[in-house]
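Chemist: Quick note, the sequences are listed as chains A and B, same order.
Residue 127 in the working numbering sits at position 127 of the first sequence, and the numbers go up by one each step.
Residue 89 in the working numbering sits at position 89 of the second sequence, and the numbers go up by one each step.
Quick caveat, the hints were computed from the structure, so don't treat them as lab data.
The beta carbon of each residue, even a glycine, is placed where N, CA and C say it ideally should be.
Hints are not guaranteed to be accurate.
Stated by the list, open to error - Some, not all, of what chain A presents toward chain B, calculated at C-beta under 7 Å:
1) Ile5
2) Leu26
3) Ile51
4) Lys55
5) Leu95
Unchecked claim - Okay, the calculated beta carbon distance ranges per label pair:
6) Gly77/A / Cys58/B: 41 to 51 Å
7) Ser167/B / Met54/A: 55 to 65 Å
8) Gly77/A / Phe53/B: 18 to 28 Å
9) Thr40/A / Asp30/B: 11 to 21 Å
10) Thr66/A / Lys182/B: 33 to 43 Å
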Amino acid sequence: MRKSIREQLKNQNLPDDDLSDDEQQLLRQMLDRQLAKKWTEELKKQGIHRIPPMKPLRSRMLPWATVAAFLLLGAFGWWWLTQPPVPQKMAAQYLEQPFPWSESIRDGNGNINQQRTRSQQAYQNGDYKAALEDIAPLISEGRKEDLFLAGLCHQSLSQYTEAVSLLEKVRTADPSFYHDEINWYLGLNYVMLRDNENARVALQRVVNSSSSRNKQAALELLEKLR
Amino acid sequence: MNSTPDSPDKNFGLTQAEFDILLEKLRQGDNELFEKIFLAQFGHHKKFLKTNFKVQDCNAHDAVMEALLRFRQLLIDGKLRYDNLQGYLLMIVKAIYLKNFTNNRELPTDEFVEVVSWLEIEPFDEESLDSLEKAWQKLEDLCRQLLKGFYYDRTDLRTLTVQLNVSSEANTRKQKERCIKKLRSHFLNLF
Chain A
1 MRKSIREQLK NQNLPDDDLS DDEQQLLRQM LDRQLAKKWT EELKKQGIHR
51 IPPMKPLRSR MLPWATVAAF LLLGAFGWWW LTQPPVPQKM AAQYLEQPFP
101 WSESIRDGNG NINQQRTRSQ QAYQNGDYKA ALEDIAPLIS EGRKEDLFLA
151 GLCHQSLSQY TEAVSLLEKV RTADPSFYHD EINWYLGLNY VMLRDNENAR
201 VALQRVVNSS SSRNKQAALE LLEKLR
Chain B
1 MNSTPDSPDK NFGLTQAEFD ILLEKLRQGD NELFEKIFLA QFGHHKKFLK
51 TNFKVQDCNA HDAVMEALLR FRQLLIDGKL RYDNLQGYLL MIVKAIYLKN
101 FTNNRELPTD EFVEVVSWLE IEPFDEESLD SLEKAWQKLE DLCRQLLKGF
151 YYDRTDLRTL TVQLNVSSEA NTRKQKERCI KKLRSHFLNL F
């Protein structure tokens with residue numbers, strides 16, 4: 001690009017009757033520019049446009065990449081915040097395994113109750129809602145097997161408060177009845193309710209029991225609760 | 001059909017007589033015929049650059065625009081013969097593209113020295129061009145026609161005398177002097 005012509009013009013002895021070569025060049029370039037503008041308008045009428053230069057791909061993608069990064073970060077943050085803490089994750093995994101119910105379907109008098117039979121079969125089939133509907137009316141009889149089954153149904157339906165209530169009733173009524181299993185499930189339900197104090201008490205009973213099959217798992221959970 | 005070097009096929013369909021008329025009109029400051037013929041070629045040449053050199057649209061557009069301006073000037077200056085106008089224009093388009101938008105300074109031919117010498121001319125800065133344009137707008141119409149005719153369209157003084165309805169060629173010459181003085185004055189006052 002040439003430097004400004006002003007100084008050049010000021011310091012030169014220019015002929016009066018003619019433009020200098022530089023002046024002629026400047027005039028020609030200025031008139032070229034005017035003609036180009038006119039032609040540009042003509043070309044637009046013919047549908048020929050000058051499309052402005054495209055930004056490099058990186059520049060064009062930068063705003064989208066930034067938005068994507070924020071969205072990704074937000075999604076990760078949401079996922080991270082909504083993830084249950086480790087003890088809850090462990091307890092939930094243990095609760096996924098249903099208790100292998102094998103209680104007698106007969107009542108205390110040796111009679112077969114059709115409703116109880118249906119409930120037990122539904123439980124064994126994994127239909128905990130149906131099992132609960134059949135066993136619920138029988139709870140008022142205070143039979144510990146019914147209470148235990150109802151408690152198991154509630155915990156399988158993630159109704160931990162109801163499960164704890166029923167399992168505690170069984171434990172109070174007969175501390176020897178399925179005591180290892182009831183303590184274990186109480187511990188797990190308390191963990192899910194984030195009631196760490198009661199969870200620790202129940203799990204400690206499991207650890208202290210010589211007959212429990214879940215000692216190691218209870219110990220590991222206790223470790224996580226500390 | 002084989003085309004001879006001076007056939008209309010290689011000259012945008014122009015015959016020698018039509019080519020002569022085109023030159024005459026350009027030298028009278030009449031761009032209409034030129035625009036009719038060559039602006040119609042604009043899209044074709046732009047596409048040529050975009051296809052063969054993978055040029056961005058704006059760069060192809062600018063190169064073809066500059067080529068047409070140069071082509072017009074070469075015609076006015078009598079530097080182009082009725083021979084192979086299409087070839088000349090294509091060569092100018094390529095030369096301008098190579099000079100302005102690539103590092104390749106090697107020009108396509110040594111034979112066409114006018115193109116080469118023109119490409120060597122450095123453009124003036126935008127400020128100078130803007131100032132001259134402002135000064136130009138301050139000139140009266142007669143001066144603009146006279147100076148543009150003489151310096152841009154290469155119209156001789158005798159023709160300008162007739163065109164501008166001046167009493168004599170000597171008066172046209174004196175008028176040109178006055179116009180130059182005014183233009184310089186307007187231009188320098190803008191700084």
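Chemist: Does each hint fit the structure? Answer for all of them.
Modeler: Hints, one by one, checked against the model:
1. Ile5: For Ile5/A, the interface hint holds, since the closest Cβ of chain B sits about 5 Å away, which is under 7 Å.
2. Leu26: At 5 Å from the nearest chain B Cβ, Leu26/A passes the 7 Å test, so the hint holds.
3. Ile51: holds, 4 Å
4. Lys55: Violated: closest Cβ of chain B sits about 11 Å from Lys55/A, beyond 7 Å.
5. Leu95: With Cβ-Cβ at 64 Å, over 7 Å, it is violated.
6. Gly77/A / Cys58/B: 41 to 51 Å: Between Gly77/A and Cys58/B, where Cβ atoms are some 43 Å apart, the hint holds.
7. Ser167/B / Met54/A: 55 to 65 Å: This hint holds: roughly 58 Å between Cβ atoms.
8. Gly77/A / Phe53/B: 18 to 28 Å: violated, 49 Å
9. Thr40/A / Asp30/B: 11 to 21 Å: holds, 20 Å
10. Thr66/A / Lys182/B: 33 to 43 Å: violated, 57 Å
Of the numbered hints stated above, those contradicted by the structure are hints 4, 5, 8, 10, listed in ascending order.
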